[in-house]
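Order-wise, the sequence lines are chains A and B. Per the working numbering, the very first residue in the first sequence carries number 1; after that it's consecutive. Per the working numbering, the very first residue in the second sequence carries number 116; after that it's consecutive.
These are calculated hints, taken from the structure and not from any lab test. Here a beta-carbon is modelled for each residue, glycine too, at the ideal position from N, C-alpha and C. Among these hints, one or two may not hold up.
Said to hold, decoys possible - Chain B side only, calculated, beta carbon under 10 angstroms to chain A, not exhaustive:
#: 1; residue: 133
#: 2; residue: 212
#: 3; residue: 219
#: 4; residue: 223
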Amino acid sequence: EAQVTQNPRYLITVTGKKLTVTCSQNMNHEYMSWYRQDPGLGLRQIYYSMNVEVTDKGDVPEGYKVSRKEKRNFPLILESPSPNQTSLYFCASSRPETGYGHEQYFGPGTRLTVT
Amino acid sequence: GDSVTQMEGPVTLSEEAFLTINCTYTATGYPSLFWYVQYPGEGLQLLLKATKADDKGSNKGFEATYRKETTSFHLEKGSVQVSDSAVYFCARSSNTGKLIFGQGTTLQVKP
Numbered sequence: 001e002a003q004v005t006q007n008p009r010y011l012i013t014v015t016g017k018k019l020t021v022t023c024s025q026n027m028n029h030e031y032m033s034w035y036r037q038d039p040g041l042g043l044r045q046i047y048y049s050m051n052v053e054v055t056d057k058g059d060v061p062e063g064y065k066v067s068r069k070e071k072r073n074f075p076l077i078l079e080s081p082s083p084n085q086t087s088l089y090f091c092a093s094s095r096p097e098t099g100y101g102h103e104q105y106f107g108p109g110t111r112l113t114v115t
Numbered sequence: 116g117d118s119v120t121q122m123e124g125p126v127t128l129s130e131e132a133f134l135t136i137n138c139t140y141t142a143t144g145y146p147s148l149f150w151y152v153q154y155p156g157e158g159l160q161l162l163l164k165a166t167k168a169d170d171k172g173s174n175k176g177f178e179a180t181y182r183k184e185t186t187s188f189h190l191e192k193g194s195v196q197v198s199d200s201a202v203y204f205c206a207r208s209s210n211t212g213k214l215i216f217g218q219g220t221t222l223q224v225k226p
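This is chain A alone, in the form it adopts within the complex (with noise of 0.2 angstroms):
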């Protein structure tokens, strides 16, 4: 079945300690993308990666890194999480269709809650 996934799909976690959401697709996309949802603000880009080793910042990226090293796997990390970023993450991932088309595929969320 063609998926994206990401885990955890829940997490709680405290001020400045490092956690990592993974990502990871099985369709063969070169494009990933990671999105946060907040009320009231729609879906906002965090980063996104054109391909391996192809990334770039999107609207919101302070606070985030992410990386590529396998075209299937594109990690979110926070290095020193703070309440702000608590917020609902998405992973998209396409295929660049031919002009814009950009149909993006979504994961089930993960849902951040920092203390």
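With chain A's structure known, arrange chain B on it following the hints.
For chain B alone, kept in the frame of chain A given last:
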């Protein structure tokens, strides 16, 4: 900059009522337009899309038409069901590959 604006919710309807959720976008270039749906506790699923002007996307009884002249992509359904209760997001593509989302509209359908 590029943006998408959706009507504010929540929208509460009775079963079998007609649904419209308005969506407008800023028109730089020729983006593809999408509606995603998020059911409670789940991730986002693509509901429908349109890639050029006057295209109509449709799925599960929902429709939306890409209107370049009004930069709109309103979502409609003729007869909603309780199972349609969810959060609906309008989105446009961009030249970096990211999707630009509206703030989401919560739909609640009552029996």
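Margin query: Can you verify the interface hint for residue 133 of chain B: is its Cβ closer than 10 angstroms to any Cβ in chain A?
Written below: Given a least distance of 25 angstroms, the restraint on residue 133 of chain B is violated.
Check: Would the hint on residue 223 of chain B stand, with a C-beta cut-off of 10 angstroms toward chain A?
Finding: violated (16 angstroms)
Notebook entry, point to check: Does the CB of residue 219 of chain B sit less than 10 angstroms away from some CB of chain A?
Noted result: The hint holds - residue 219 of chain B has a Cβ within 10 angstroms of chain A, the shortest such distance being about 5 angstroms.
Notebook entry, point to check: Does the interface hint hold: is residue 212 of chain B within less than 10 angstroms of chain A, judged Cβ to Cβ?
Noted result: holds (5 angstroms)
When each numbered hint is compared with the structure, violations occur for hints 1, 4.
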